[in-house]
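The listed protein sequences derive, respectively, from chains A and B.
Residue numbering for the first sequence follows my numbering, beginning at 202 and increasing consecutively.
Residue numbering for the second sequence follows my numbering, beginning at 202 and increasing consecutively.
Worth double-checking, as some hints may not be accurate.
One copy or any two copies: either way a pair holds, since identical chains are not told apart in the list.
Said to hold, decoys possible - Okay, derived cross-link-like pairs now, DSBU-like style, lysine-lysine, Cα gap no bigger than 30 Å in a straight line: (1) K634 with K235; (2) K356 with K612; (3) K356 with K562; (4) K562 with K674; (5) K634 with K672; (6) K308 with K334.
Simulated from the structure, these hints should not be mistaken for laboratory data.
2 protein chains.
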Amino acid sequence: MRHWNTWGHEDSEYAMEFGGEGLQQLANLIGPGKPLPAATLAEVIDRVPASRLPEHPLVNHDAEVRVRHARGQSFPDLMAMHSGDPGAFPDGVAFPESSEDVRELLKYAADNEIALIPYGGGTSVVGHINPNKGDPRPVLTVDMARMSALIALDKESQLATIGAGASGPQIEELLQREGYTLGHFPQSWELSTLGGWVASRSSGQQSLCYGRIEQLFAGGTIETPAGTLEIPAVPASSAGPDIREMVLGSEGRMGIITEVKARVSPLPEQESFHVVFFPDWEAGMATARELAQQRTQLSMIRLSNVTETAMLLMSGADADSLAVLHGELSRHGIGDTRVMMTFGVTGSTEQCNAALGQTTKCFERHGGVADVFQLGERWAHGRFRAPYLREILWNAGFAVDTMETAVDWAKVNEAMQGIEAAIAGALADEGEKMIVYSHLSHVYGQGSSIYTTYLFRCADSYAETYRRWQKVKAAGAEQIVAFGGTISHQHGVGADHRSYLPAEKGVLGIAAIRNLCQLFDPRGQLNPGKLLPDEEAQ
Amino acid sequence: MRHWNTWGHEDSEYAMEFGGEGLQQLANLIGPGKPLPAATLAEVIDRVPASRLPEHPLVNHDAEVRVRHARGQSFPDLMAMHSGDPGAFPDGVAFPESSEDVRELLKYAADNEIALIPYGGGTSVVGHINPNKGDPRPVLTVDMARMSALIALDKESQLATIGAGASGPQIEELLQREGYTLGHFPQSWELSTLGGWVASRSSGQQSLCYGRIEQLFAGGTIETPAGTLEIPAVPASSAGPDIREMVLGSEGRMGIITEVKARVSPLPEQESFHVVFFPDWEAGMATARELAQQRTQLSMIRLSNVTETAMLLMSGADADSLAVLHGELSRHGIGDTRVMMTFGVTGSTEQCNAALGQTTKCFERHGGVADVFQLGERWAHGRFRAPYLREILWNAGFAVDTMETAVDWAKVNEAMQGIEAAIAGALADEGEKMIVYSHLSHVYGQGSSIYTTYLFRCADSYAETYRRWQKVKAAGAEQIVAFGGTISHQHGVGADHRSYLPAEKGVLGIAAIRNLCQLFDPRGQLNPGKLLPDEEAQ
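Starting from the given sequences, assemble the full structure and let the hints guide the process.
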């Protein structure tokens, strides 16, 4: 059973332990946590108002179902659900089983002035799937979970047609049975879905090998109020603007993605993950840049900065092992300014060995030292666990959230420092300390994503904790904009980033996106209030 | 000096010889050529009507300049220019030197109801830059040649800002001086421009390493009637639909691209091109597919089919060398069904050697035999020559043109055979023979482009020769559509492919593109009649 108010499944293999010692260390750094009281599911169900939706055989009005579809997985969502007041509930939830069902729901919505929220895994961290409080129209959430089949697999062309509601594990089970993989592993993989990845331009941890969802999405079917949009899957084309790229990032505003033709790969002959340490951030960053720009055939590169390296080692290893590691690194002249790079190779044995040989020489040039604790494989083992940790910290009275962007290499260092400094100081006027650290992942020839994690203590109330979060988020986002970074490299826009979108797209760019939304959804019924800025919930 | 009625520069290093023996061999295959009389430049200048454009300091009304901007480089363009009747001339040509100039021209066009044709190298092979005959508005061609500077080069982020009018050689000269390359080498490279590549979604011969122009175009500036569209260059983003991908393939309908931020690469440590022969088409195709799907780090793969292999060998080597090669291949069991694969490696010495090792093993599995005549390097030496050959053949009374598409691997063989058969039989009712052959290039995991070349004899008049061409073109294009291929993998849509676009984009896709054109160019003044189907020249 999935948790109703936080990330994950109750019996998930990715659920994790994080013990008293780690929490004590946090308290030592920023003060003791202040847990806030959590509402029960029964209490929240009691608050669900009567549905405003007219009866329809596809529409479920059940209060618990509506509670479970009220919010995504952002930090404000977590708070809202724990507080017992999600703000708004959908008036009902539909679980279509076919494109015909989806078209029927679009007609039902048109006939009855209903707002529709396309819903994949409900894992948005930027408010994509939350009903707007005060929307005068009834709101129907369309949960795509029942459209999750492998519809076709063309092994010769490595093209799979898959229901858009298929989750990460479902997709991999369907494909791996046939010897294939999609290779798309965002941290949300356990719950997020193919359609959601397309709608929000997701990037997986091994994008360096398999590509972002933009490269994996070859075409598909989108049901829109203006009709069915069929995007044929061709390997590449110069025939005019790319319709795929209009749907990618459309965040439910243009239609409901029902089927995706995805580019798949045979399961790799070999795959392994490794860790290497560098004497300082500059050496690590130069290495990451060199590997990306040299097109070294790796499947992932993640470079933790000094603080993140310390935090990961502290939380991931016992004191004895840590002492051994520190001693080993010291012998190579690597001390407290150490940074940790996690990387992966994926492909044929020949390719992996060639890539490992090339990286080894590159590491030597930059003073890198390989770890001896299989930390890379440990990373792979725990790669989907972080969302579970948030709940443990929350229950101990600590708030944790992340921000991310991508900037050119020439700005990476300055932008990371600027974002961290702004976040670190955001609550200084309240005398609250902050833990802030970052890593680079998803490296490109042009630049890199920057992923910053921050922890602070909950305040005395939900409202005050939310206010603190808003201050921190705004401080970080303003730095991202100031450094010319994208407001999101992998989380999307949703509700939380929409006011920052004009800085990136410009007046004409926003007009172009709005224009497309209006073409596909003339009455503004699909996911109103998301993606585009300065727009009333219609 | 550039030729006024055909491809290329008079003193180009890529101009080629093609002697009497080759022409005799062609005549043996399809009958003697029938040269058609060619008009002189003076004759065509005499036909240029008075300009309908109001005076403006940026507008050149000179008749010769207008002749030289009347047509692109498609086969119909070649015929029209040689016939002396291009159909329509621009009323004037402007050579802006700055974005201010371009904005001034847009204002002039708005104030005076003028149609504007953005013009890069004038190398379109699908009618992109031809004025529409009978357009009631005066037509101004905007030649971007004077906006060709390297404006900025960020070596750390490998990002160059370049004037959109820069040609292939200009770009490489500017960048290579600094140790960098764009790595974009379409066959039109000698004359085509950066802005044209973006507007028409160009693909270069080494796209397997450097990517298509879609991957190289990081952002830039587009002057539109609705205002300036600035697309910031970020390494990657999940913040909504990608505005870049609306401009890519916009074919001058949305605005005039003035500056491009392009992703560049350091000059490679090593680069080489090679040829390998396979016993038959199936073996060659299986190899190409395996190399693409395995992500082997090559920079190009081109696989000629049986007929193309024979034609290339016949035209590229003397009889003695050919006998030696045939003998060598025979010893390995490779006979008349031989096919030739040209491939390249680009990167560090380590990477190139690793890739060469991997390909060698792959070739062995498929019965491949390496050539001994440095045919790969010969290919590289002559890679920009083919357009010059067309004129030689034309002057001997032979018509040559190409068609191209991309389809999934599962359809490559059938589609190639279908396209070739349709073309080969297109003039059978007139008793005319045809030479048809194809190659695969631009291979992807999902599929491959198919590039088909065909030769036929000119008829007794220009009109009859054009009619023949139309029959052949339609026969091939209908097969492309029937096999679900894109109507163009690398040439674009222009005038010649626009009636086929709905089959690929669908009703809603066409509506989306048309909507964007109307947003950026509300009065339909930019390149009217191109890209979109079923539209009157407004």
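(message) At most 30 Å between CA atoms: does that hold for K308 and K334 within a copy, between copies, both, or neither?
(response) Result: close within a single copy only, 24 Å intra versus 45 Å inter.
(request) With 30 Å as the alpha-carbon cut-off, assign the pair K634 and K235 to within, between, both or neither. (result) The answer is within: 14 Å in one copy meets 30 Å, while 86 Å across copies does not.
(request) Give the relationship of K356 and K562 under a CA distance limit of 30 Å: within one copy only, between copies only, both, or neither. (result) Result: close only across copies, 23 Å inter versus 37 Å intra.
(message) Reference check for the pair K562 and K674, CA-CA at most 30 Å: within, between, both, or neither?
(response) Close neither inside one copy (40 Å) nor across copies (53 Å); limit 30 Å.
(request) Pop the pair K634 and K672 into one bin, within, between, both or neither, using alpha-carbon distances up to 30 Å. (result) within (14 Å within a copy, 76 Å between copies)
(request) Could you figure out if K356 and K612 sit no more than 30 Å apart (CA to CA) within one copy, between two copies, both or neither? (result) Classified as between; 12 Å across copies, 42 Å inside a copy.
The structure does not agree with numbered hint 4 stated previously, though it agrees with all others.
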